[in-house]
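Peer 1: Let's have the full structure, built from the sequences with the hints guiding it.
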Amino acid sequence: MLRQWNYIADYVFKRQLGLFAIIGGLMSTVHFSGVYYSHDTPKWFIFDCFTSLYIFLFFFKKQRALKLSPLSGLVFTLVVLSVASLWWAPHTVAGLEFILRLFNASLLAYCLINSFSGRSLANLFITTAFWSALVFCLVFFLERYALQRPYNVGTFSPIGFINNAGHVFNIWIPCLLIFAFQHRHQKALFWSAIITLLLIVSILMEAGTRGTIIGLTLGELIIFALIARKSVKRALIFLSVTTLMLLGIGIYQFVDTNQSGRLSGKIAVFKNSISAAAGQRIQLFENTASMSREEFFGVGANNFEYIHPKYALPGTSQASPFINERQILRTPHNIILKLYSELGLIGGSVFVAFLSYIFFSALANAVRGEYIDKWLFVAVFATLFHSLFSAVFLTPASLFFSTILFATVIRRSGFSGFIEIPVRKPFATAFLLIPLLSGLLLFSEYFAFQGRQYFDKDLLEKSLVLNPQNDRALYNLSQVELRRQRDLEASLEALNRFVELYPYHIAGLFSKAERHYQLGQLDRAQNTLDKVLNFYPSYQKARRLQHEIQKRKLLARRTRGY
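Last residue of the sequence shown: number 562 in our numbering, and the count goes up by one each step with no gaps.
Just so you know, these hints were derived from the structure itself, not from any lab. Take the hints with a grain of salt, since some may be wrong.
Cut-off 25 Å, straight-line C-alpha distance, at most; resulting in silico cross-link-like pairs (SDA-like, lysine to any residue) [unchecked claim]:
no.: 1; residue 1: Lys553; residue 2: Gln540
no.: 2; residue 1: Lys61; residue 2: Cys49
no.: 3; residue 1: Lys310; residue 2: Ile434
no.: 4; residue 1: Lys230; residue 2: Ser413
no.: 5; residue 1: Lys462; residue 2: Ser38
no.: 6; residue 1: Lys67; residue 2: Ile434
no.: 7; residue 1: Lys531; residue 2: Phe297
no.: 8; residue 1: Lys61; residue 2: Val135
no.: 9; residue 1: Lys462; residue 2: Ala428
no.: 10; residue 1: Lys425; residue 2: Phe76
no.: 11; residue 1: Lys541; residue 2: Arg326
no.: 12; residue 1: Lys541; residue 2: Arg486
no.: 13; residue 1: Lys310; residue 2: Arg544
no.: 14; residue 1: Lys187; residue 2: Lys230
no.: 15; residue 1: Lys541; residue 2: Arg484
no.: 16; residue 1: Lys310; residue 2: Val83
no.: 17; residue 1: Lys67; residue 2: Phe98
no.: 18; residue 1: Lys61; residue 2: Leu17
no.: 19; residue 1: Lys425; residue 2: Leu68
no.: 20; residue 1: Lys553; residue 2: Leu488
no.: 21; residue 1: Lys553; residue 2: Arg543
no.: 22; residue 1: Lys462; residue 2: Lys425
no.: 23; residue 1: Lys531; residue 2: Arg472
no.: 24; residue 1: Lys310; residue 2: Ser538
no.: 25; residue 1: Lys531; residue 2: Glu286
no.: 26; residue 1: Lys310; residue 2: Phe297
no.: 27; residue 1: Lys457; residue 2: Gln469
no.: 28; residue 1: Lys551; residue 2: Leu519
no.: 29; residue 1: Lys230; residue 2: Thr217
no.: 30; residue 1: Lys310; residue 2: Leu329
no.: 31; residue 1: Lys551; residue 2: Asn527
no.: 32; residue 1: Lys531; residue 2: Gln518
no.: 33; residue 1: Lys67; residue 2: Phe354
no.: 34; residue 1: Lys531; residue 2: Ala289
Here are the computed distance ranges between Cβ atoms for each label pair [what the hints assert, rightly or not]:
no.: 35; residue 1: Tyr151; residue 2: Arg234; range: 36 to 44 Å
no.: 36; residue 1: Arg326; residue 2: Pro468; range: 47 to 55 Å
no.: 37; residue 1: Pro468; residue 2: Lys425; range: 27 to 35 Å
Every residue gets a Cβ at the ideal spot worked out from N, C-alpha and C, and that includes glycine.
Peer 2: And the structure:
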């Protein structure tokens with residue numbers, strides 16, 4: 001067995017360039033319509049499997065000790081605080097997913113830093129970005145124009161939701177510029193990079209992802225200002241992104257002529273929506289900040305979604321967006337506020353310190369390093385800037401490419417550990433359990449989605465066997481029990497389990513109150529309604545049910561009086 005693992009490790013580490021290019025391509029394109037989050041769920045499974053196996057093989061074959069540093073201390077503190085927060089988090093499985101991916105991403109970066117020189121790691125990263133972007137463009141245009149598959153905001157590209165592509169474009173666009181420059185004497189690779197770059201910018205303009213466009217432009221302008229102090233002529237090359245944005249508009253306009261010329265309308269919406277979108281985000285940020293102040297130790301790792309409705313002021317002019325009986329808000333669209341709200345003042349501050357280290361390392365590299373370091377700074381700046389307005393780092397492709405980007409920046413800054421801790425085989429072997437856990441969650445999501453599609457109780461129960469905290473399966477099971485099985489008690493039981501995980505879910509609380517009412521449990525129905533009306537006082541359906549409860553109570557008292 002040991003000989004087989006040694007053979008696998010030798011094979012992997014000799015072919016890392018091709019391996020990362022393949023994984024990058026998969027992370028950019030794989031999607032599966034058999035699950036609810038058709039683009040993210042299969043990519044998370046690939047991320048979990050690849051990172052776990054790579055870390056296992058690294059500690060099994062190459063290194064038997066962890067080299068620690070102050071940066072390692074920040075990451076370790078963040079992991080410990082995340083684990084501790086599971087004690088009070090309502091949804092422990094969601095928290096565990098976040099912790100394992102944070103831990104895996106951190107150790108993947110550690111493995112890369114300790115496996116490559118700064119130059120070699122930059123080469124691996126830039127090559128991975130090039131091939132991933134190329135494959136992404138091929139799949140995008142194949143699905144969109146050759147196969148003419150229908151798409152919407154959630155399935156805009158092979159990466160998924162319309163803004164998620166921008167999370168990765170923050171990184172790909174500077175890397176494609178580097179790759180094109182490095183291969184300027186190899187015509188096939190050079191023109192492949194240029195064409196891919198123009199297509200990526202064209203897709204970006206179609207998506208209208210403001211965070212990416214502004215982040216890249218600002219990052220480029222910072223580098224331009226640094227270089228212009230010495231040579232304006234040399235600095236002009238660092239206006240490439242701005243030039244590309246203009247070219248991208250032209251390319252997309254040409255393509256868009258076959259679609260009734262919607263570009264001008266999109267650009268008009270883009271301009272007009274800035275103030276409206278900014279207003280919504282400001283309310284969201286303010287409500288999340290209020291939540292962070294109230295929850296000093298945080299609500300638990302990855303549990304923002306389950307607690308935020310309490311602080312979202314739904315039904316008011318100060319409401320967070322997407323908080324109502326039909327919609328949910330999964331993230332505050334600001335990675336710093338997310339960590340402050342989930343891990344409290346200490347955890348949020350540790351995370352800010354970590355991001356600050358990455359930013360200043362990239363800036364220092366850009367000031368004293370090569371042209372590669374300057375474009376890497378643009379990628380880092382755009383990624384960090386965009387993370388203040390979107391779910392950057394919270395989607396699989398974004399986390400994968402950001403991890404390699406940060407590892408490259410850290411390695412090129414001359415980072416090294418100075419304390420060694422021996423690593424025993426059980427530590428490495430434990431990482432083989434993560435793909436198993438990820439597989440259970442994947443199949444749970446599959447059965448939950450199929451159960452919802454076919455309104456099938458058995459499929460939903462299979463989902464809950466694999467993951468008893470699959471909240472979506474529990475909610476749908478309550479609906480199946482009510483509408484197909486006509487079993488109010490079973491429906492209420494599923495809702496009770498659901499509300500334990502999602503204590504401020506508006507539709508869930510209302511459905512629970514409704515079941516109590518239908519079973520004649522009027523006091524329990526009233527108590528549940530009081531909870532939802534406490535943070536959503538203008539919820540009219542709840543008000544009407546409350547009125548019906550009062551009428552039935554009054555009728556019952558009159559009946560007893562007679």
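Peer 1: State for each hint whether it applies.
Peer 2: Comparing the hints with the structure gives:
1. The hinted pair formed by Lys553 and Gln540 meets the criterion: a straight-line CA distance of about 20 Å does not exceed 25 Å.
2. Proposed proximity of Lys61 and Cys49 is supported: the alpha carbons are some 18 Å apart, at most 25 Å.
3. Simply put, Lys310 and Ile434 have alpha-carbon atoms about 33 Å apart, too far for the 25 Å limit, and the pair is violated.
4. For the given pair, Lys230 sits about 23 Å from Ser413 by alpha-carbon distance, which is consistent with the 25 Å threshold.
5. Restraint check for Lys462 and Ser38: satisfied, since their Cα atoms lie roughly 19 Å apart, inside the 25 Å limit.
6. Simply put, Lys67 and Ile434 have alpha-carbon atoms about 23 Å apart, close enough for the 25 Å limit, and the pair holds.
7. Of the pairs offered as hints, the one joining Lys531 and Phe297 holds, with about 23 Å between alpha carbons and a cut-off of 25 Å not exceeded.
8. Taking the CA atoms of Lys61 and Val135, the gap is about 31 Å. The hint is violated against a cut of 25 Å.
9. Proximity of Lys462 to Ala428 is assessed by CA-CA distance (about 31 Å); at most 25 Å being required, the pair is judged violated.
10. Straight-line distance between C-alpha atoms of Lys425 and Phe76 comes to about 20 Å, which keeps the hinted pair within the 25 Å bound.
11. Proposed proximity of Lys541 and Arg326 is supported: the alpha carbons are some 13 Å apart, at most 25 Å.
12. Restraint check for Lys541 and Arg486: satisfied, since their Cα atoms lie roughly 22 Å apart, inside the 25 Å limit.
13. At most 25 Å may separate the alpha-carbon atoms for a hinted pair to count; Lys310 and Arg544 meet this at roughly 21 Å.
14. Using a Cα cut-off of 25 Å, the hinted pair Lys187 and Lys230 is violated, with the two alpha carbons roughly 31 Å apart.
15. Proximity of Lys541 to Arg484 is assessed by CA-CA distance (about 23 Å); at most 25 Å being required, the pair is judged to hold.
16. In summary, the hint linking Lys310 to Val83 is supported, as the alpha carbons are separated by about 23 Å, within the 25 Å threshold.
17. Proximity of Lys67 to Phe98 is assessed by CA-CA distance (about 24 Å); at most 25 Å being required, the pair is judged to hold.
18. Of the supplied pair hints, the one linking Lys61 and Leu17 holds, its CA atoms being roughly 18 Å apart against a limit of 25 Å.
19. The suggested pairing of Lys425 with Leu68 holds, with an alpha-carbon distance near 18 Å, which does not exceed 25 Å.
20. Between the alpha carbons of Lys553 and Leu488 the distance comes to roughly 21 Å, so the proposed pair stays at or under 25 Å and holds.
21. Taken as a hint, the Lys553 and Arg543 pair is honoured in the structure, with Cα atoms around 15 Å apart against an allowance of 25 Å.
22. A threshold of 25 Å between alpha carbons decides the hint, and for Lys462 with Lys425 the separation of about 34 Å lies outside it, so the pair is violated.
23. A C-alpha spacing of about 21 Å is found between Lys531 and Arg472, which places the hinted pair at or below 25 Å, so the restraint holds.
24. Restraint check for Lys310 and Ser538: satisfied, since their Cα atoms lie roughly 14 Å apart, inside the 25 Å limit.
25. Distance restraint check for Lys531 and Glu286: the Cα-Cα separation of roughly 23 Å lies within the 25 Å cut-off, and the hinted pair is therefore satisfied.
26. Straight-line distance between C-alpha atoms of Lys310 and Phe297 comes to about 16 Å, which keeps the hinted pair within the 25 Å bound.
27. The hinted pair formed by Lys457 and Gln469 meets the criterion: a straight-line CA distance of about 16 Å does not exceed 25 Å.
28. The suggested pairing of Lys551 with Leu519 holds, with an alpha-carbon distance near 16 Å, which does not exceed 25 Å.
29. A threshold of 25 Å between alpha carbons decides the hint, and for Lys230 with Thr217 the separation of about 21 Å falls inside it, so the pair holds.
30. Of the pairs offered as hints, the one joining Lys310 and Leu329 holds, with about 12 Å between alpha carbons and a cut-off of 25 Å not exceeded.
31. Only pairs whose Cα atoms come within 25 Å are accepted, and Lys551 paired with Asn527 is accepted, the gap being roughly 16 Å.
32. Under the criterion of a C-alpha separation no larger than 25 Å, the hint pairing Lys531 with Gln518 is consistent with the structure, at around 18 Å.
33. Taking the CA atoms of Lys67 and Phe354, the gap is near 18 Å; set against the 25 Å cutoff, the hint holds.
34. Of the supplied pair hints, the one linking Lys531 and Ala289 holds, its CA atoms being roughly 22 Å apart against a limit of 25 Å.
35. Look at Tyr151 against Arg234: about 42 Å separates their beta carbons, and that is inside 36 to 44 Å.
36. Range check, Arg326 to Pro468: about 26 Å between beta-carbon atoms, so the 47 to 55 Å window is missed.
37. One distance hint, 27 to 35 Å for the beta-carbon pair Pro468 and Lys425, holds here, with the actual separation near 31 Å.
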